[in-house]
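J.: As a plain string of letters, each chain reads:
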Amino acid sequence: MTRVFEVLTPGLSASVQDQGRLGWRRFGVPASGAMDDHAAAWANRLLDNPPDAPVLELLLQGARLAVVEEAWIAVAGADAQANVPTWRIVRVRAGDQIHFPRERSGVWIYLAVEGGFEAERILGSASAYERGGLGRLLTPGDILCRKPDASFRLVPTVAGRSVAWSERRDYDSPPPLRVWPGPQWNCFSEHERESFFAQEWTVTSRSDRAGYRLTGIALKPQPSQIISEPVRVGSIQVPGNGQPIVIMRDGPTVGGYPKIGMVDPADVSWLAQCRPGAKVRFRIVG
Amino acid sequence: MKWTLYGPDALLFHFADKLGDAAFAKGRAIVAELENHPPPGLTEFVPAFTTVLLEFDPKQVPDPVRIAPDLAARLEATAAAEIASAPIKDIPVVYDGPDLERVAQHNRLSIDGVIALHSATIYKVYMLGFSPGFPYLGDLDPRLHTPRWPSPRTRVPAGSIGIGGEHTGIYSVASPGGWNIIGHTALKILDPGRAKTEASEESMFYLRHGDRVRFVGVTVKSNP
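These protein sequence lines are chains A and B, in that order.
Note that this note's numbering has the first sequence beginning at 1, numbered continuously upward.
Note that this note's numbering has the second sequence beginning at 1, numbered continuously upward.
Chain A extracted, bound-state conformation:
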């Protein structure tokens, strides 16, 4: 193992994530994994890392890392005015500090290192799921290591390597999120469905890795409770107060609220980067 970073401060929250812990939901274990899999994948791709290489996920702002040993890194995702260029590869050197002082756009920041971070794998994944007792969040003094056999070699004739502008997302203007009708579609009247798709929903501050709570004109499903059944990442549950909760990567595996639909798996990353107060709209797939 090769040491790369010391965590001076994790900021609002910092953890190691990968593509998730697949195949364990029947034991009540959510997949977890990078909240914005689009940005995390780009950070890895820039460094020729395998898609499942663990990355560092940072929430909003405040993280500060000290570089212990020289390495290639790539930062993508939310803009927190990092002191290194983002969406491109960067060579960092021992003694450098990397920090993310001010949130500006988006929620989740991804930092990848050549070869990927070393992290304990539990049930096949390095993703921290602290609430469930599988892995933990990073704390000051933690040392992050990378795989020593990194194959990354920058072609000398290439001045740099960056993500095309067309692939970078404007997190402040998400497109309408595509929704598949959910198992309880019929619990919502025509009028309720129209209300759901016509209105602009606001993401609330009571949103986290488990679920994003939205607020808007309340929906009234009939019945208001069902026998608990499996929920998926992207499932749009409507509890008694009529305000939808979209299940995110650390969310429960089962639930007893009617689900009007499910956000398409490819659009969950857009929602993940919506900050509290952001407006989102939905549209039916097809």
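Treat the hints with care, since some could be wrong.
Mimicking DSS-like on lysine-lysine, the simulated pairs with C-alpha atoms at most 30 Å apart in a straight line are [unchecked claim]:
(1) B:18 / B:89
(2) B:196 / A:147
(3) B:18 / B:2
(4) B:59 / B:188
(5) B:196 / A:220
(6) B:188 / B:89
(7) A:220 / B:89
Calculated Cβ distances over 12 Å to all of chain A for the following chain B residues [as the list claims (entries may be wrong)]:
(8) 19
(9) 22
(10) 44
(11) 47
(12) 51
(13) 53
(14) 77
(15) 83
(16) 122
(17) 136
(18) 196
(19) 204
If you're looking for bench data, these hints aren't it; they were derived computationally from the structure.
Note that the structure is predicted; figures quoted are calculated from it, not measured.
A virtual CB, placed ideally from N, CA and C, is assigned to each residue, including glycine.
Starting from the known structure of chain A, fit chain B onto it as the hints suggest.
T.: Relative to chain A, chain B alone:
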């Protein structure tokens, strides 16, 4: 068997309308079939009280609706098959929870009555959920049904045994929770350490879907 498309790559099958021995036996038979003979392209399945979710690799199963009718027929046949009765696992419990009184009052029972009723049933593990390895156990004696706290506690310790509505369960990790806590077990329902010493990663979960559970009351001896 009824089914619904659930996202672009998954199907939800409804194998029963209500909880009970029949639903439990069907669920167990379906899980055994999915474990032993998974349909092509199946990436993950999640059983619950009366439903089971099947997720597919979109490369192998681009349109799950096309395979749904055949699969429904197959699961229907599977669900009807006889299956050996589930193993019973004993859980030692100290009935000392802060909500014993609330459950007793709600049901007009004595605390001893609550304990007697709770430990008299052999429970079925209908599903795991809420947190890793947390078992939803039924069927709880109707004389013990107690609504959840309107506002959940911010922290319920791991090992707490609770009653939530018409179910009982065991908190596998410390978490917020709204169930009525009637006791605790020293047994580790979730123990990631166990998976390091035993061959299978599944060993970190003490209970599996389809198990049966018996609560065995124990008294704690105070230190001499």
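J.: A separate judgement is required for each hint: does it hold in the structure or not?
T.: Evaluated hints:
no. : hint          : verdict
1   : B:18 / B:89   : 24 Å, holds
2   : B:196 / A:147 : 22 Å, holds
3   : B:18 / B:2    : 14 Å, holds
4   : B:59 / B:188  : 39 Å, violated
5   : B:196 / A:220 : 47 Å, violated
6   : B:188 / B:89  : 13 Å, holds
7   : A:220 / B:89  : 42 Å, violated
8   : 19            : 7 Å, violated
9   : 22            : 14 Å, holds
10  : 44            : 5 Å, violated
11  : 47            : 6 Å, violated
12  : 51            : 4 Å, violated
13  : 53            : 4 Å, violated
14  : 77            : 21 Å, holds
15  : 83            : 17 Å, holds
16  : 122           : 21 Å, holds
17  : 136           : 7 Å, violated
18  : 196           : 10 Å, violated
19  : 204           : 8 Å, violated
Checked against the numbered hints given earlier, the structure breaks hints 4, 5, 7, 8, 10, 11, 12, 13, 17, 18, 19 and satisfies all the rest.
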